[in-house]
Every structure is written in C-alpha cells, then in structure tokens.
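*Asks:* Once you have looked at the hints, place chain B on chain A.
Quick note, the sequences are listed as chains A and B, same order. The opening position of the first sequence corresponds to residue 153 in our numbering, with each subsequent residue numbered one higher. The opening position of the second sequence corresponds to residue 153 in our numbering, with each subsequent residue numbered one higher.
In short, the hints are calculated from the structure, not lab data. Just so you know, not all the hints are guaranteed correct.
If several chains are the same, the list does not tell them apart, and a pair holds so long as it fits within one copy or across any two.
Stated by the list, open to error - Pairs of lysine to any residue, SDA-like flavour, derived with a Cα cap of 25 angstroms:
no., residue 1, residue 2
1, Lys-362, Tyr-418
2, Lys-323, Gln-300
3, Lys-369, Asn-317
4, Lys-369, Ser-406
5, Lys-402, His-256
6, Lys-402, Val-325
7, Lys-310, Ala-164
Values in this document were obtained by computation on a predicted structure and should not be read as measured data.
There are 2 protein chains.
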Amino acid sequence: MEIFKEIEPLRAYLKQFRQLKSSIGLVPTMGALHAGHLALIEASRKENTLTVCSIYVNPAQFNNLQDLEKYPQTLERDTALLKASGCDVLFCPSHHEMYKNQDHIRFDFGALDKILEGEYRPGHFSGVALVVSKLFNIVLPNKAYFGQKDFQQFLLVKKLVEDLNFDLELKRVPIVREADGLAMSSRNMRLSTQQRKDAPVFYQALQHAKKMLLSGKDLKAVQNEIQLMCERKPGVRLEYFALADKENLKLAESVTGQSILLIAGYVGEIRLIDNLVVGDEN
Amino acid sequence: MEIFKEIEPLRAYLKQFRQLKSSIGLVPTMGALHAGHLALIEASRKENTLTVCSIYVNPAQFNNLQDLEKYPQTLERDTALLKASGCDVLFCPSHHEMYKNQDHIRFDFGALDKILEGEYRPGHFSGVALVVSKLFNIVLPNKAYFGQKDFQQFLLVKKLVEDLNFDLELKRVPIVREADGLAMSSRNMRLSTQQRKDAPVFYQALQHAKKMLLSGKDLKAVQNEIQLMCERKPGVRLEYFALADKENLKLAESVTGQSILLIAGYVGEIRLIDNLVVGDEN
Numbered sequence: 153m154e155i156f157k158e159i160e161p162l163r164a165y166l167k168q169f170r171q172l173k174s175s176i177g178l179v180p181t182m183g184a185l186h187a188g189h190l191a192l193i194e195a196s197r198k199e200n201t202l203t204v205c206s207i208y209v210n211p212a213q214f215n216n217l218q219d220l221e222k223y224p225q226t227l228e229r230d231t232a233l234l235k236a237s238g239c240d241v242l243f244c245p246s247h248h249e250m251y252k253n254q255d256h257i258r259f260d261f262g263a264l265d266k267i268l269e270g271e272y273r274p275g276h277f278s279g280v281a282l283v284v285s286k287l288f289n290i291v292l293p294n295k296a297y298f299g300q301k302d303f304q305q306f307l308l309v310k311k312l313v314e315d316l317n318f319d320l321e322l323k324r325v326p327i328v329r330e331a332d333g334l335a336m337s338s339r340n341m342r343l344s345t346q347q348r349k350d351a352p353v354f355y356q357a358l359q360h361a362k363k364m365l366l367s368g369k370d371l372k373a374v375q376n377e378i379q380l381m382c383e384r385k386p387g388v389r390l391e392y393f394a395l396a397d398k399e400n401l402k403l404a405e406s407v408t409g410q411s412i413l414l415i416a417g418y419v420g421e422i423r424l425i426d427n428l429v430v431g432d433e434n
Numbered sequence: 153m154e155i156f157k158e159i160e161p162l163r164a165y166l167k168q169f170r171q172l173k174s175s176i177g178l179v180p181t182m183g184a185l186h187a188g189h190l191a192l193i194e195a196s197r198k199e200n201t202l203t204v205c206s207i208y209v210n211p212a213q214f215n216n217l218q219d220l221e222k223y224p225q226t227l228e229r230d231t232a233l234l235k236a237s238g239c240d241v242l243f244c245p246s247h248h249e250m251y252k253n254q255d256h257i258r259f260d261f262g263a264l265d266k267i268l269e270g271e272y273r274p275g276h277f278s279g280v281a282l283v284v285s286k287l288f289n290i291v292l293p294n295k296a297y298f299g300q301k302d303f304q305q306f307l308l309v310k311k312l313v314e315d316l317n318f319d320l321e322l323k324r325v326p327i328v329r330e331a332d333g334l335a336m337s338s339r340n341m342r343l344s345t346q347q348r349k350d351a352p353v354f355y356q357a358l359q360h361a362k363k364m365l366l367s368g369k370d371l372k373a374v375q376n377e378i379q380l381m382c383e384r385k386p387g388v389r390l391e392y393f394a395l396a397d398k399e400n401l402k403l404a405e406s407v408t409g410q411s412i413l414l415i416a417g418y419v420g421e422i423r424l425i426d427n428l429v430v431g432d433e434n
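Next comes chain A alone, as it looks inside the complex (with noise of 0.2 angstroms):
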C-alpha cells in the first residue's frame, strides 16, 4: 500500500493510473475504522482497479470542539487494517497540507442541511461538502463510497455531485452492525461498558417503530413509544427521532414505499445515529 501525506505526490502518483484507463475508488474516512469502513474498501475493490482511502479528521465540520478533540486517533491499527484489506492508497494528509486559508468558503444547501442532523450540528454539512470537495478534486475519483449510516450526508455528496458537475458514480453501502444490532461508528469506541450496553436501543427503537408503522400504529403514537424507550435507560437521550422521504428527507406524516426511519440520541456524551428504510429497500 502507497502511503501519502502530501496532495501533489498523490496526484502525480494517480495520473499514472488515470493513463492506463483504471478505474479509481475513493473512501473518504476520519480513520478509526472498523467493520463499515471495511466493507466499504471492498466495495471500491470489486468495482475498481486502485483503491485511494481517506483519513482525515476534518476540523471544518465539527461543530464541537470536544467531540473534535476526542474523536478517536488511531492511525497506526488503520494502517496495518487497509493494509490487511487490500487497500491500494492511504492519503492521510496533516491540517496545513487541506486548509492553506484561514477562512473558508460555506456552503448551503438550503432545507436539507437545515434539517435533522443539519439543525442539531449548525455548520457540520458545510464542512462535509468543504472537505468531501477538496478530496474529489485531489483523487479524481471514478466512484466514491460513502456508508448508508450518514444517510443524510450522502444525500447532501449527491446534491453536491449533481450541482458541481463532478465526473464521478456515488456509491451507497449499507450499514454494517454489531451482533446485537448497534451501527458500526467510530464512537461507539468511546462508550463505557454500560453505556455500550444501553447503545443498541437507537436501532431496537428504529426495529419497533418499523414494525407498528406498518401495522398501521399512527405516527404520533409511535413518536411517543419510541421517547419512552429511550427515557427507560438512563443516560440516553433522544435527540431526534423522524419519518421522512428518502429521496429529500421531508418529513413525512405516513409511511409510503420511500420511506426512512432516522434516528440521533446520546448515550452518555456520546452522540450516536442510526436509520432505517421503512418502504421498498434502496
């Protein structure tokens, strides 16, 4: 596996291969992987002759500066696991090497990056398309691979990608969980041994609201169940909990076949998110 820290070695190192007519896969990560990144280097594997990974912590879409400072570092295990899983490149540029200016462009993407994950982390989306532009433009990839977890962000990278004119395929791929159901998230490392006891409590309440939606429990009812399933444990907190349309994330009153459950909570200090399709998969 190449490793670069630096952007202009990288792209002289991959317009070798953009001459010999490979296909290029990119996984933009924030390191600390686990089973989800994994997945998501294979699926760039399957479909592409090189394989670049991303890890990059981007200070441009926290909005809070502990959740930034504790976010796990963990770069020398994720070396040796993209090594292990095949991985062709590692960009792991430094801070200076992605933000030479000080103040950097914003962007909005009106209601969907007000909504939701939007609403509860101000400024976030906007460093995600900052960030997720630079590494487009940087890699030229022909595919990216995002995972079905930050749903809402994929739909953000697909605005971003049809609004800008990107020459690139997205790729969703689907949630990768542990055995008893909780989301794969490089945060969950951060949960005490209760805490990641009660965590799979998103996704039970995401199972069970399915499930009365779809006996045809009304929305509202169901809204208060899940509230309560929450509030059994202690230490978790229900942020949001909402049925929207898959395709625009507008919030929906009833279930039809574009439906998605998403869900945020904390548990403890740790701020998790989780989702569901309700109406036909994908």
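*Replies:* Frame of chain A; chain B shown alone:
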C-alpha cells in the same frame, strides 16, 4: 472547431486529449464576444495544446432579471469569431443541460462576496462560483483564463480554486480597452450613441484618481471629485468608487504597493465596471 452542446460528448472528446498529455485551456464566457474575450483565447492558445471556450449566459449569477433578459446573445457571430481566433472547442450548453436541479447549492465567500459588486449584486458571486465549479468539473482544464475587468470575480475564483483544491492554474488577463479607454464589455453593445460617448467617464475617473492619489491627495477629497466628475454627465450615476488592497479587496485609506481602484456605475440603464492598479502592476 468542434462544437458541443452536451456535457458527456464533450467529456469523451476531451478525455482523448488528456491521455495524450496535452494541456487544456478553458476560457469561460457568456458570449457576445469582443476583443477582451479574444485576448483570453489568444493567451490560452499560447500556453495550451487545446483551447476550450464556453458560452453560457448563467441565470444563477444574474440578480437582476431584466439584466439577464437584455444580456446580448449573438451565438452565430460568436461562433465565427471563435473559429477565426483558432479556438479548438466551443461548449454552448442549454439551461437544461447545466441545471438539472431546480434549487441549487449556494456559496458564501465571507467578506469577499459582501463588498463592492457583492453588495450591489446580492447572490451574483454565488451563481458565478456555481457555474465556474461546473465548468471546471466538466472540462478539467489545466489552465483557466479570466479577465481583469471582473477583478473581484477573479479573486473569488482564486479562492474557489484554493479552497476546493481544483487542480488547475488560474490566469488573469489584462483589460482590453477601446481607443477612448472604455473597458471592453458585452454590455457596451447596449449603449446609445450618446451613452457610448459618456461611458469612458469611469476610466477617466480611475486615471484621474490614480494621479491625484499618487500626488498625495487625500482619499476623501479624491472620492468627492470623482463623484462630481460623474454627476456632471447627465445619465451617468456612480455606484461605488473604492481604493482597496488587491489581494483581498479590503478597503484602504491610502495608497500602498498593493492598491487597486475599483469603480462601478450606470450609464442610462447599463451597468458598467472598471478598475485600475495603483500600486505595483500585477
């Protein structure tokens, strides 16, 4: 000259050249071509093996609907001029080809898009950034050419390239002027005979102001004099006249080696802009 109205055939065509290690130059325009545009084409031809000119009157950058409707459209004449100039590729897409989504991402450049042109044309620079991002991602040029007349636009595109890591070199080409000093502009076509006679007042004002400032006159006094100079001509209305730092357009009180004068105003209903470096050139 090859002419493309659609993105994918253009991309396919350019891909061959990219594989031959050619250098591609892009000249983005809104058509109604004049000698200023042709200077951009010439600069690109000198430095690249392939020159692509785009002609697209981008609705997203017009804050004034009337200005958009009256913007001169002379595609047949433009095509002939481009052929004669040795341009290799013309890209002239439809609105449908450029904007698939109804709502689109907005860009915020901080102070840089709030002052001068940004103050008088709200939303203008966001629209410019959007279409320029699209064109960069469609053409993937090695170099892109912009005229110095739109000085603030040049700085903004420079920030766009830096912040989003577009892999290209940005070139600023000097203003081309009519014999009487009027900066070339597609909007000049719309001037009546009398208005055309009055229009050089803005360039005269810039020259006069430069002399006064370099001879030590106070900025406030110079501004008053420029205001009077414009008022003396019926139908001429000054919008702004500013001394600024040419790296970031921060307003200045006195001349430095970094100074530029910028002016904007109306002759009748036609809005014109111009600028003049006061400090060291370039």
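*Asks:* Confirm or reject each hint.
*Replies:* Status of each hint after checking the structure:
Taking the closest pair of Cα atoms, Lys-362 and Tyr-418 come within 25 angstroms of each other only inside a single copy of the chain (21 angstroms); across copies the shortest separation is 61 angstroms, beyond that limit. In the homo-oligomer, the alpha carbons of Lys-323 and Gln-300 lie at most 25 angstroms apart inside one protomer (9 angstroms), although the nearest pairing across protomers, at 41 angstroms, exceeds that limit. Taking the shortest Cα distances, Lys-369 and Asn-317 never come within 25 angstroms of each other, neither inside one copy (42 angstroms) nor across copies (50 angstroms). With identical chains, the CA atoms of Lys-369 and Ser-406 are at most 25 angstroms apart within one copy only, with a shortest distance of 9 angstroms there and 71 angstroms across copies.
For the homomeric pair Lys-402 and His-256, the shortest alpha-carbon distance between copies (16 angstroms) is at most 25 angstroms, but the shortest distance inside one copy (29 angstroms) is not. Taking CA atoms no more than 25 angstroms apart as the test, Lys-402 paired with Val-325 passes inside one copy only; the shortest distance there is 22 angstroms, against 46 angstroms between copies. With identical chains, the CA atoms of Lys-310 and Ala-164 are at most 25 angstroms apart between copies only, with a shortest distance of 22 angstroms across copies and 27 angstroms within one.
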